[in-house]
Structures are given as C-alpha cells and as structure tokens.
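These protein sequence lines are chains A and B, in that order.
Be aware that the first sequence starts at 1, since it is given in the numbering used here, and climbs by one per residue.
Be aware that the second sequence starts at 1001, since it is given in the numbering used here, and climbs by one per residue.
There's no promise every hint is true.
Cut-off 27 Å, straight-line C-alpha distance, at most; resulting in silico cross-link-like pairs (DSS-like, lysine-lysine) [what the hints assert, rightly or not]:
#1 A:K82 - B:K1116
#2 A:K115 - A:K99
#3 B:K1055 - A:K99
#4 A:K252 - A:K129
#5 A:K247 - A:K129
#6 A:K99 - A:K247
#7 A:K115 - A:K82
#8 A:K172 - A:K99
#9 A:K248 - A:K172
#10 B:K1055 - B:K1116
#11 B:K1055 - A:K248
#12 A:K252 - A:K82
#13 B:K1101 - A:K115
#14 A:K115 - B:K1055
#15 A:K82 - A:K129
#16 A:K82 - A:K248
#17 A:K172 - A:K247
#18 A:K129 - B:K1116
Hint data in this document are derived by calculation from the structure and do not stem from the laboratory.
Bear in mind the structure is a predicted one, so any value in this text is a computation, not a measurement.
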Amino acid sequence: MNTKIPVLFSISLMLLLIFTASADILPNGTNTTNRQIPSETYLEVIGSMSSHQQYQLETSSHGGHEGGFLYDGERVSSVVYKSDMATNGGYLAQSKGLKIDEGPQQKGAFNVDSKIVSTYLTDPEIGSKMTSSDSLEMFNSGNYTKVNRSVRNPLVADIIGEYVGGFNSYYKGASAVDMTSGQIATMARARSVGTDNTIPAELRYLIGIHPDMSSGIPYAAGTASTEFAMTNEEGAPANTTDLASTKKMSDKTTVDGQIFTFGKSFTVTSGLSPT
Amino acid sequence: MTQIRVFILATLFLFTTPVLITADSFSVAPAFEDHVSGSTNLINMQSFAMESRLKIRAVGGEGTPAGVEYMVSISPINGTDAAIGTVMTDFHGSILEGRGKMENVSAQNEWRDRSKVSGAIVNFMKSFTYTSGITL
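Based on the sequences and whatever the hints tell you, model everything.
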C-alpha cells in the first residue's frame, strides 16, 4: 500500500531565461581531427542499475598555451558534462542519447547534446528508489588584443570597430532528483567551439517531471532540485583588461512530495552577433 | 543451475595514421593522440541472448575518417520474460590535439561512460560510435 502523503504539491513552472552576455568569443576548432562521438542507451530492467557518464572538452585558440596569463587575443573554453543515475531496485525504463562533437559549430549546433528520458516505478514501502543528477557547466575566457585594433578575425573587427576587452564567463545548468515513481526528461546542450569569432557561446538546460501514466499513479513522487547560474565579467571594448562590467544570475528550486508537473528550462547565449 | 559467465573485452588503440595527416587542412600537420576503449562484462547470467558488434576502420584511402562502432545488446531468450544477471559496460576515450604548427595541446577531449545493470533485464542496449569528423 502506498503511504498517503497529507501534503499535496501541485507545481507548474515554466521559466525561460534568456540572458545576453555581450561578448564571449569562442575559440575556433583545431581542425586536427574534429572527433564526433554519438552514443545511445536503451534499457528496461527490474532490479538495480547504476551509470556514470562524464565528458570534458578544453579548447584553446592559441595552441601552446600552458597556464598563467592568456596571450594577446587568446580565447579558451571548457565544457564539463556529468550524468549519474542509480537505483536499488524497482522498474526502470531509460532512453539516453549523448552526442559529442569537438569540431567547430555554427549557430544552432552544439558540441555537447544530451537527452535522457527515464521512467521509474517501485513500491515505496520496500525502500527502493531512484536517484539521478545531471550537470552541464561551461567556462569561457578571452584576452584583449591591440593588434590591428581588432580581435583576430577581420569580420568581427568590422562589426565592432574596436578591439574587444577581456572576458570571463561561467554558465551552469544542473538538476538532482530522488523519486519512487514518475518520469524525468532532461536535455543539456552547450556550444564552446565556434566556426568563427561571430558564433556566440550557448548553454541550454531543460528538465521536466511528469507522472508515469501507465502505472496508474497520477503523480510523480519524490524530490527534485535544479540550479541555473551565469556570471560574466568584461573589460570595456577600448579598455584593455580592466573590469568594466559584471553580471551575475542564479536560480535554485527544490520541490518535494507528489509532483503533478514540474518543468524548468534555462538558455544563456553570448550576444556577440550582428543578427 | 548452470551459470554462464561471459567476458568480452575490446580495447582499441588508434594512433596517428598517415591518412589523417594528409587529410588535415593545415600544410603542417599538428600533433594529436587518441586512445579509445570499450568493454562489456556479463556476470552470473542465467539465460540471455546477447549480440555485440564491433567495427574498426584504422586504415583507409585519402580523406577516409578513422572510426569505431561498438554495440552490445542483452535481451531474454524466446519464451522467457527477462534475462537474469548482471551486465557492466565501460567506454572511455582521451584525445589530445595540437593546432597549426604548435606541438603543445590546444584541445583536450575526455569522456567516460560506465553502467551496471542487475536483475531481470527486459532489454539493454548500448551503442557508441567514434568518427574523425575532419572535412576537406
């Protein structure tokens, strides 16, 4: 028998946060091999399951950089994606796809593209449950340059008309869920390598939790929390590396109980683009 | 009951091949190094049907990308509801790349995917593809 929870949560959240950081100039691809690594998992099991997935991509625009200060006009980007899930019993059905492409991307394409849908059901009195966590983080940084009063790409010099100041940006989308029944869908995407200097950095994160209708239980039961964050520091266009602008944003949510609908999405785009 | 124990290990090493160097768009080939591996372990399986597929392309004509395809699938045998036992998979890769004439690392690419499933397995499939995406 299910334990009757006297408190009923009915939460419906849809957030679309679009932040525009004024200038993240991504490093271009190395054009060495540009590896593409798609992987898929389909799973249906009654029993226990654990999975750990991690991906990291570091790219530097000036090969040969070895820590310390960035060179004139150098840009670096780093993306880290982690996904963990474990159950200690119960029924689990999962579909997971992770596409990795380390090559340079156009607008609308991503270096990391993950989609996971999991359906879980157990008798909560037995003590089994599912825990899952998922996080996508991106850090971009760049140094200004005085060379030709422009950044390296002449196209950007035409747009901006001045050289660009230094910048540091950090973006994060993450979630953690514990549940005894329900369905979770997450999507995580990041672009950290551009085809040229006008391609903006972008991070997207989305999570949705719904009841598993086939189980007959009209709600998902458990705890879910999300964390979205963005920080950006910039030098003024004509002002070398002196800090001229700081932006910070953070959003944390936790829900617990009988979840009928829970959805959150987060998009952050660097606005370095004339269109 | 008879216990079946199967152990499959596929470790793949891909290193610089002349094909990839000539395919690069730089006049001077930057340095790079790849290491990719995948493995599947089955422990104490009682009844199951398994299919695994492995394809490797390490030598090709000019412009042919290096590639690895690996797929493993576990499902119940006909007449039963589920395969019983434990399955573990481990995919891992590490790539270092240079840029232009530089010999130091300009891109670093590392991933790991480990999973373990135990119990009544109705269906379990993992696939993993690895391709050099260089375009001329």
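Violated hints, by number in ascending order, as checked against the structure: 5, 6, 11, 13
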